[in-house]
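Student: What follows is the residue order along each chain.
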Amino acid sequence: MADHNIWKHVKTGDVSNNPYFKETENIPPVSDVSNNKNAIISNGEYIKLPKTDTYATGVVALQAFLKANPSDTHPKFTLSNGSNVYRPLTFKENIEARVTEYQTDKNADGSTRTAEQKIELFKNWIDSCTGIAYEKKKSKFKIIPICDSVISIPEDFNDAFYPVTYSKLIGKELDSATDLYNQDLTLQQVLVHPAWITALEDDKTLLKTYAKITFDLLKSKYSKESGMGFYIQSNTAKDELRALCVSGIDGDSDANGGDGLSGDARFLRVAPFAKK
Amino acid sequence: MSKDKSPFEKIVEIPAPTYKNTTPVMNIGGVELYMWDVVKASLAARLNIGLGGGAGGGKSQLFADVSGVFGNNLTYVLGRNGTDITSFYKQLNFGKLKNAMDTGGTVAQKDITEITDTLSRPITLVEEINRAAEIVQNQYFNVFEGFIELDGVKYPLGGGTLQSFTDLDGTVVTQNTNYSVGMWTANFGNGQYTGTVTMDKGLKERSHMIIDVDNFYPGSNNPSDLDSILHKSGGEIRLKDTINPEDNTQCFIDAYKHMKQNAYTPHPLEFGQELLFFRYLVLGLDNIPIGTAKNSKRIMKEVWPSKAEEENTGSGDEKLLYRMVFPASVRSGMTTIALARSLREYAKAKDSNANPTVLDSVVESFKLVAPYGGMIENPHLIKEEFVGNNYLAASRVGDIIKTRLMQKSDLIDAIARVNADNKPYTQKMLDECTGEFACFR
Chain A
187 MADHNIWKHV KTGDVSNNPY FKETENIPPV SDVSNNKNAI ISNGEYIKLP
237 KTDTYATGVV ALQAFLKANP SDTHPKFTLS NGSNVYRPLT FKENIEARVT
287 EYQTDKNADG STRTAEQKIE LFKNWIDSCT GIAYEKKKSK FKIIPICDSV
337 ISIPEDFNDA FYPVTYSKLI GKELDSATDL YNQDLTLQQV LVHPAWITAL
387 EDDKTLLKTY AKITFDLLKS KYSKESGMGF YIQSNTAKDE LRALCVSGID
437 GDSDANGGDG LSGDARFLRV APFAKK
Chain B
5 MSKDKSPFEK IVEIPAPTYK NTTPVMNIGG VELYMWDVVK ASLAARLNIG
55 LGGGAGGGKS QLFADVSGVF GNNLTYVLGR NGTDITSFYK QLNFGKLKNA
105 MDTGGTVAQK DITEITDTLS RPITLVEEIN RAAEIVQNQY FNVFEGFIEL
155 DGVKYPLGGG TLQSFTDLDG TVVTQNTNYS VGMWTANFGN GQYTGTVTMD
205 KGLKERSHMI IDVDNFYPGS NNPSDLDSIL HKSGGEIRLK DTINPEDNTQ
255 CFIDAYKHMK QNAYTPHPLE FGQELLFFRY LVLGLDNIPI GTAKNSKRIM
305 KEVWPSKAEE ENTGSGDEKL LYRMVFPASV RSGMTTIALA RSLREYAKAK
355 DSNANPTVLD SVVESFKLVA PYGGMIENPH LIKEEFVGNN YLAASRVGDI
405 IKTRLMQKSD LIDAIARVNA DNKPYTQKML DECTGEFACF R
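Chains A and B are the protein sequences, given in the same order. Under this note's numbering, the first sequence is numbered contiguously, ending at residue 462. Under this note's numbering, the second sequence is numbered contiguously, ending at residue 445.
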């Protein structure tokens, strides 16, 4: 009998990062995405990893993937115990990824990138290994660009925040009582916002570039003149450590330091063919 | 040695003899397409075209230029109540021909030549179609379908040859590739055109693509277009026919054959998306959360969209989808996909660096097919939110659809993969295939 399944003629690109497939399913790993059109079309030099149920499982999945598919483009980090591990990108690196993707005109295969490809990384939130710690019952908080504790977080960790002793953490301290937090900001407010500047490790040029792109997108897509709020916790019952993430453009590209570690997570990995 | 040009590359290079308009109709894959481009892309897919809008904006000149491109070889009809297109063809002595065929008699060579020459014309142009009553307009149904019927006999329009196509299974299909296209113009306006009438929905659907040219008026993006129009008019305000035109009919026939072969053997990486977007246009847009109507606008018959309005169904973007968008018919859905394919081919031929996606092309195609093709309804809402302009309404809906489908891009890729592998959907996929996306199951 003839096979009438016309879908058999359909081909797809790389679905190894597709969140609708469990990792245990028989989807072959992609060892060289430079040969994979779909990955290039979707993400250019950065690949979005599948969304995971918790921050911890996301970190572990990232490290497991890179262990199985070693990369010399994705950054590593030496933990306090001496082990050298792949780490999630920092908040600043995620912002750089968005800017890079937005400003890249050609794919690795030489084809012209579409506007949609350029804003691909703006479509979802992205988690980072940048920690944000809160002092209990205070408005003080610290931003830790590369946070050992969240990089080495146990796989089964499923609480909203990681318990820490605030005073022992090393990072730049800020006070949420002295600036605008938990609200939309204007472009000018973003450019001088101490938390945004700190989160981007004092790279004001990057902040200016990113804010310009973001506000252009907000205006063209949603007719909005404000966004990029910096959302945090304050006066917490205990000292807390969470991870800083950046929202998608539909979430105004806010910096979000209040998300629970028990919630969904999504990380980027750097493509093997990325420019170093 | 350079390789031969593709049919679309040849079509892209055909200039408009007189018409001038660089107001973009769309940007697809990084390439701006103007009215002349869109009309040629549509003709390459053998799609009928209707042009509406206020008088004097260049509709007739655009079609006069199209006529020139086809060597001025067209059947021209002026939309008037006294026009009888059947009589027009009957004048050609079909009776003699039929009688000769039936009885084995003879018929004059002159009559045969006249008949075949007329039937093989690639274009039928009806000017000011809405100045003819609907009952007269209905005579054009068959012409726009590519044939005429006389005394119970169907005669195909457009010259054609038998052509073999190979489908994805390797099966060879032989078809007559008649090339005939219907075009019409109509004056749309705010009631200022006396003597015009409404147009039948069936005719609009068969028109495939109807463009209200007022949305892309010459000079509105580039005022120097007007400078050029005035300067090159030579003081002649009337239509300018092309003198000694070059007949490019074969270019369009070749492009159409190319598109037909593409339809049999679509690009494997694009095919899955096309299948799902076609489902979405025909079935997904039918979805409405009204249980008594089995969640179907079609089943609501004439109470749609009034019942949705009364029950205040949906909010934000969904409000527009539920109350203003009627699903594509199978024919309109096929038209949308066919035009999308042609637009992609055209954009790539116009700029070798263009990278049009299936979604971009389908959405841009939707914006041209939907406004007057029976997919944008609810005049009150259109008037309230889109100044009564169907194109603006369809454009907004197109953007909404694009966003919603982009948000499902992972799901679409996953469905394509499991269907291609003939595997069952995962529970997570099934959970997402609800509402307007239930058609993806």
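Wrong hints could be hidden among the right ones.
The calculated DSS-like cross-link candidates involving lysine-lysine, where the alpha carbons are at most 30 Å apart (straight line), are [unchecked claim]:
hint: 1; chain 1: B; residue 1: Lys-323; chain 2: A; residue 2: Lys-194
hint: 2; chain 1: B; residue 1: Lys-205; chain 2: A; residue 2: Lys-194
hint: 3; chain 1: B; residue 1: Lys-427; chain 2: A; residue 2: Lys-405
hint: 4; chain 1: A; residue 1: Lys-194; chain 2: B; residue 2: Lys-208
hint: 5; chain 1: A; residue 1: Lys-424; chain 2: A; residue 2: Lys-354
hint: 6; chain 1: A; residue 1: Lys-424; chain 2: A; residue 2: Lys-292
hint: 7; chain 1: B; residue 1: Lys-427; chain 2: B; residue 2: Lys-9
Now the in silico label distances, taken between C-beta atoms and shown as ranges [as the list claims (entries may be wrong)]:
hint: 8; chain 1: A; residue 1: Glu-341; chain 2: B; residue 2: Arg-283; range: 25 to 33 Å
hint: 9; chain 1: B; residue 1: Gln-265; chain 2: A; residue 2: Leu-377; range: 19 to 27 Å
hint: 10; chain 1: A; residue 1: Ser-406; chain 2: B; residue 2: Tyr-159; range: 28 to 36 Å
hint: 11; chain 1: B; residue 1: Met-338; chain 2: A; residue 2: Pro-256; range: 29 to 37 Å
hint: 12; chain 1: A; residue 1: Gln-289; chain 2: B; residue 2: Leu-434; range: 34 to 42 Å
hint: 13; chain 1: A; residue 1: Asp-388; chain 2: B; residue 2: Leu-434; range: 46 to 54 Å
hint: 14; chain 1: A; residue 1: Trp-193; chain 2: B; residue 2: Ala-112; range: 30 to 38 Å
hint: 15; chain 1: B; residue 1: Asn-142; chain 2: A; residue 2: Asp-291; range: 30 to 38 Å
hint: 16; chain 1: B; residue 1: Lys-114; chain 2: A; residue 2: Trp-193; range: 49 to 57 Å
hint: 17; chain 1: B; residue 1: Asn-225; chain 2: A; residue 2: Pro-380; range: 40 to 48 Å
hint: 18; chain 1: A; residue 1: Asp-291; chain 2: B; residue 2: Leu-234; range: 51 to 59 Å
hint: 19; chain 1: B; residue 1: Asn-225; chain 2: A; residue 2: Lys-424; range: 55 to 63 Å
hint: 20; chain 1: B; residue 1: Arg-283; chain 2: A; residue 2: Gly-437; range: 47 to 55 Å
hint: 21; chain 1: B; residue 1: Gln-113; chain 2: A; residue 2: Lys-194; range: 25 to 33 Å
None of these hints come from the bench; they were simulated from the model. Keep in mind that this is a model prediction, so the values were computed, not measured. By construction, the Cβ of each residue, glycine as well, lies at the ideal position given by its N, Cα and C atoms.
Student: Decide, hint by hint, whether the structure agrees.
Tutor: Here's how the hints hold up against the structure:
Distance restraint check for Lys-323/B and Lys-194/A: the Cα-Cα separation of roughly 37 Å exceeds the 30 Å cut-off, and the hinted pair is therefore not satisfied. Our distance criterion of 30 Å between C-alpha atoms is broken by Lys-205/B and Lys-194/A, whose separation comes to about 37 Å. Among the hinted pairs, Lys-427/B with Lys-405/A is inconsistent with the structure: their alpha-carbon atoms are about 43 Å apart, more than 30 Å. At roughly 36 Å between alpha-carbon atoms, Lys-194/A and Lys-208/B are farther apart than 30 Å, so this suggested pair is violated.
As the CA atoms of Lys-424/A and Lys-354/A are separated by approximately 14 Å, the hinted pair is consistent with the 30 Å bound. For a cut-off of 30 Å, the pair hint linking Lys-424/A to Lys-292/A is broken: about 48 Å separates their Cα positions. Note on Lys-427/B and Lys-9/B: the hinted pairing is violated, with a Cα-Cα distance of about 41 Å set against a maximum of 30 Å. Range check, Glu-341/A to Arg-283/B: about 40 Å between beta-carbon atoms, so the 25 to 33 Å window is missed.
Between Gln-265/B and Leu-377/A the beta carbons are some 55 Å apart, a value that contradicts the proposed interval 19 to 27 Å. At about 52 Å, the CB distance of Ser-406/A to Tyr-159/B disagrees with the hint of 28 to 36 Å. Checked against the given bound of 29 to 37 Å, the beta carbons of Met-338/B and Pro-256/A, roughly 49 Å apart, lie outside it. Checked against the hint of 34 to 42 Å, the C-beta distance between Gln-289/A and Leu-434/B comes to roughly 39 Å, which is consistent with it.
Asp-388/A and Leu-434/B have their C-beta atoms about 48 Å apart, which keeps the hinted 46 to 54 Å range intact. In this structure, Trp-193/A and Ala-112/B break the distance hint of 30 to 38 Å, their C-beta atoms being roughly 55 Å apart. Remark: the range hint 30 to 38 Å for Asn-142/B to Asp-291/A is contradicted by a beta-carbon distance near 52 Å. The beta-carbon spacing between Lys-114/B and Trp-193/A, approximately 55 Å, falls within the hinted interval of 49 to 57 Å.
Judged by the Cβ atoms, the range 40 to 48 Å given for Asn-225/B and Pro-380/A holds: they are separated by roughly 44 Å. As the Cβ distance of Asp-291/A to Leu-234/B is approximately 38 Å, the hint placing it in 51 to 59 Å is violated. Restraint check, Asn-225/B to Lys-424/A: a C-beta distance of roughly 60 Å satisfies the suggested window 55 to 63 Å. A beta carbon spacing of about 30 Å between Arg-283/B and Gly-437/A contradicts the range 47 to 55 Å that was offered as a hint.
At roughly 53 Å, the beta carbons of Gln-113/B and Lys-194/A sit outside the given window of 25 to 33 Å.
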